[in-house]
Amino acid sequence: MSRPSVHPLTCRLLAPLLLVLTLFAGAAHAHAVLQSTTPADGSLLQTAPGTAALVFNEPVRPLAIRLIAPDGSETDLTDQVAAAAALQIPLPELERGTHVLSWRVASDDGHPVAGSLIFSLAEVTGAAITAETRDPALSMVIWAARFLMAAGLVLGVGGALYGAISPLPPAARRPVAGAVLLGLVAAPAYLGLHGLDALGLGFAALADAAPWRAAAGTAFGPSTGLAMLAALTALAALRWPLLGWVALAALAAAYATSGHAGAAEPRWLTRPMVFLHLAALCFWIGALLPLALSLTPSRQGIAPPALRRYSAVLPVAVILLLGSGLALAIVQLGPDPAAWWSPYGAILAAKLALLAALFMLAAFNRWRLTGPALGGAPHALARLRRMIAAELVLALLILALAAGWRFTPPPRALAQITAQPAPAAYGHLHSTEVMANLIITPGKAGPALIEIELTDSTFAPLGAMAVTLGLSLPDRGIEQLTREARLADGHENLWIIPDLVLPLAGIWTLDLEVRQSRFSLLRLAGEIEIK
Amino acid sequence: MKRNTTIALAFTLGALTTPALAHVSLEQQEARVGATYKAVLRVPHGCGDQATHTLRVQIPEGFINVKPMPKPGWTLETVRGEYESSYDYYGSALSEGVKEIVWSGGNLPNEHYDEFVFRGTFVGSLEPGQSFYFPSVQECADGEEAWIEQTDDHDAPKPAPGVKLLPADHQH
Numbered sequence: 001m002s003r004p005s006v007h008p009l010t011c012r013l014l015a016p017l018l019l020v021l022t023l024f025a026g027a028a029h030a031h032a033v034l035q036s037t038t039p040a041d042g043s044l045l046q047t048a049p050g051t052a053a054l055v056f057n058e059p060v061r062p063l064a065i066r067l068i069a070p071d072g073s074e075t076d077l078t079d080q081v082a083a084a085a086a087l088q089i090p091l092p093e094l095e096r097g098t099h100v101l102s103w104r105v106a107s108d109d110g111h112p113v114a115g116s117l118i119f120s121l122a123e124v125t126g127a128a129i130t131a132e133t134r135d136p137a138l139s140m141v142i143w144a145a146r147f148l149m150a151a152g153l154v155l156g157v158g159g160a161l162y163g164a165i166s167p168l169p170p171a172a173r174r175p176v177a178g179a180v181l182l183g184l185v186a187a188p189a190y191l192g193l194h195g196l197d198a199l200g201l202g203f204a205a206l207a208d209a210a211p212w213r214a215a216a217g218t219a220f221g222p223s224t225g226l227a228m229l230a231a232l233t234a235l236a237a238l239r240w241p242l243l244g245w246v247a248l249a250a251l252a253a254a255y256a257t258s259g260h261a262g263a264a265e266p267r268w269l270t271r272p273m274v275f276l277h278l279a280a281l282c283f284w285i286g287a288l289l290p291l292a293l294s295l296t297p298s299r300q301g302i303a304p305p306a307l308r309r310y311s312a313v314l315p316v317a318v319i320l321l322l323g324s325g326l327a328l329a330i331v332q333l334g335p336d337p338a339a340w341w342s343p344y345g346a347i348l349a350a351k352l353a354l355l356a357a358l359f360m361l362a363a364f365n366r367w368r369l370t371g372p373a374l375g376g377a378p379h380a381l382a383r384l385r386r387m388i389a390a391e392l393v394l395a396l397l398i399l400a401l402a403a404g405w406r407f408t409p410p411p412r413a414l415a416q417i418t419a420q421p422a423p424a425a426y427g428h429l430h431s432t433e434v435m436a437n438l439i440i441t442p443g444k445a446g447p448a449l450i451e452i453e454l455t456d457s458t459f460a461p462l463g464a465m466a467v468t469l470g471l472s473l474p475d476r477g478i479e480q481l482t483r484e485a486r487l488a489d490g491h492e493n494l495w496i497i498p499d500l501v502l503p504l505a506g507i508w509t510l511d512l513e514v515r516q517s518r519f520s521l522l523r524l525a526g527e528i529e530i531k
Numbered sequence: 001m002k003r004n005t006t007i008a009l010a011f012t013l014g015a016l017t018t019p020a021l022a023h024v025s026l027e028q029q030e031a032r033v034g035a036t037y038k039a040v041l042r043v044p045h046g047c048g049d050q051a052t053h054t055l056r057v058q059i060p061e062g063f064i065n066v067k068p069m070p071k072p073g074w075t076l077e078t079v080r081g082e083y084e085s086s087y088d089y090y091g092s093a094l095s096e097g098v099k100e101i102v103w104s105g106g107n108l109p110n111e112h113y114d115e116f117v118f119r120g121t122f123v124g125s126l127e128p129g130q131s132f133y134f135p136s137v138q139e140c141a142d143g144e145e146a147w148i149e150q151t152d153d154h155d156a157p158k159p160a161p162g163v164k165l166l167p168a169d170h171q172h
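Protein chains in written order, with UniProt numbering: chain A, 1 to 531; chain B, 1 to 172.
I should point out that these hints are in silico values taken from the structure, not numbers from a laboratory. One or more hints might be untrue.
[What the hints assert, rightly or not] Taking CB as the label site, the calculated pair distances span: (1) A:R518 with B:S92: 30 to 38 Å; (2) B:Q28 with A:R96: 22 to 30 Å; (3) B:V117 with A:T51: 33 to 41 Å; (4) B:D88 with A:A86: 53 to 61 Å; (5) A:T51 with B:H112: 54 to 62 Å; (6) A:T51 with B:R119: 47 to 55 Å.
[Unchecked claim] Among chain A residues calculated to face chain B with C-beta under 8 Å, some are: (7) V55; (8) N57; (9) I347; (10) R518; (11) F519; (12) S520.
Treat the numbers as computed from the prediction; the structure is a model and nothing was measured. Ideal Cβ placement from N, Cα and C applies to all residues, glycine included.
Using the sequences provided together with the hints, build the complete structure.
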């Protein structure tokens, strides 16, 4: 340590770079070949092994050796493994379930070779339980982004809608625009965070395309687009007030097309209900701020007509809000009362309690204060303003609770997870001459059946000598798992891999090798999403 | 970690100075269109740890008048067939010739290295700048190693041995 040395990390980064340069310099390439592993790939063990072994045809040096446990957590074992032809990898204490040993080694000319080894202890699970591995800090940030997005959009779009019904008080323009901008920033931020969560990545990965691509591929992609459209329209509505209606429709549609509620069956019911719920919510909550600001004593001339109109329509919005909320709650809670006491149910109960308080406040304002305020009594106006501010705070608390639903699947969905097999995942790979349709059943982490149908470019069945599928999950650092497919009995172009365990959810990279004849081999690349 | 790094650098330097040869490859990596080419196919190992007993080399369209070199201890056979088109070879038309070379009945243990030689002529109509591949398959007791993927990708697990085509030498 006394002499200056290059930082080890720098060396680790530089070494592969040099290797790559070497490769491009035109040297011939050797590669090590994996000959056997202990435990065997795909094996189911009854007792936990203390070590794993990877045997190569020549000495190799470990570049990255990582163990991914059934709960998705990773252990870096690289430093505990010495260079050898037979790598001995000391294993930590193993939990029950399916583990992945992902390895990358360099052979004696530095050419890196990589692969993954899957084995299960006591039972085959697949590490699908991402909820337990979620980083609490990430959860907080996701919740905050979801809340800020909802608060910004509801207040902003609602404010714009107020402008479409009744002139927006000048003092309200700036707060409304501010709320819209908050929503405009929080919506895409939430999308990226959602992607991080989906892939189980840390904040640093926000700089990569992967989480964004993953999130954009979910229902939140188009939904975020709609929400941002709603925000932009709301900004335009500050100039052309009638656009407030368009912004409202876009925002309500954004929420109707994503989230637990919009995904519940029957969708012909739930989606319109979410739409109405959001529209009524925007109308009510979004109007509070402009309404309070319109009640300044100096503006008594303007306030009463706005207040009168608003208080006439408000009961309609409240009925819509309650009715749609009730319908959604019934669908989401499901028929089994025992399942209602879930985290989802707890949030719903808290939300209902706050809502009851909000209604009482609103009713008090409506029947006790609005009359005198309409009469122009200054005391009543000031009091009404304070009470509206209290309404606003309660409404924001309710939105904050609703943002927590992001983390609590409703009882209805939990019941489905246990009752229904997950749908299959589909992948389509093609070159100019060959097409391959891939079906992975079920399309979720765990044991799966993979079917590969080969056709030519005119969809005619295409025979092959051998088919080999490589699967890797670059986002989680899982190197390629390679499996030979076998021809399904009685078929000429349907190949199956019956016993693969996909250890983690995510977007897997596919590398399909089709051996068409003794001397010809075709490689197809693609991706498939495992939920 | 430091030791690992040192080893990494040592390996890297090793790679720069003494290329190791684990892929089946051609000794001469460039050839002129329209010229004769002596292909020396280098086979550095068996299939996994098994000995190679047969080597099959495909002769694709465009490499004509092929003559493989016999090898002591190996049986040499060729598969002949019609070319897709007829080629001019020093004034005479060639429309048929060797399509596949098979050296069989030999024994190349995994620990040893050997070379397999054939010669032929690249026709003048081939496009310079491209790689021309000779897909090759090593056959062993329980399996094979198929060096047949026609790609310049250095990361391909088993690329077909190839030669880069250069423009014809017109001064010749």
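Now for the hints, and whether the structure bears them out:
1. A:R518 with B:S92: 30 to 38 Å: holds (31 Å)
2. B:Q28 with A:R96: 22 to 30 Å: violated (57 Å)
3. B:V117 with A:T51: 33 to 41 Å: Given a distance of about 46 Å, which is not inside 33 to 41 Å, the answer is violated.
4. B:D88 with A:A86: 53 to 61 Å: Because 57 Å falls inside the window, the suggested range holds.
5. A:T51 with B:H112: 54 to 62 Å: violated (33 Å)
6. A:T51 with B:R119: 47 to 55 Å: Hint holds: Cβ distance 52 Å, inside 47 to 55 Å.
7. V55: violated (10 Å)
8. N57: holds (6 Å)
9. I347: violated (47 Å)
10. R518: holds (6 Å)
11. F519: holds (4 Å)
12. S520: Holds, about 6 Å.
Checked against the numbered hints above, the structure violates hints 2, 3, 5, 7 and 9; every other hint is satisfied.
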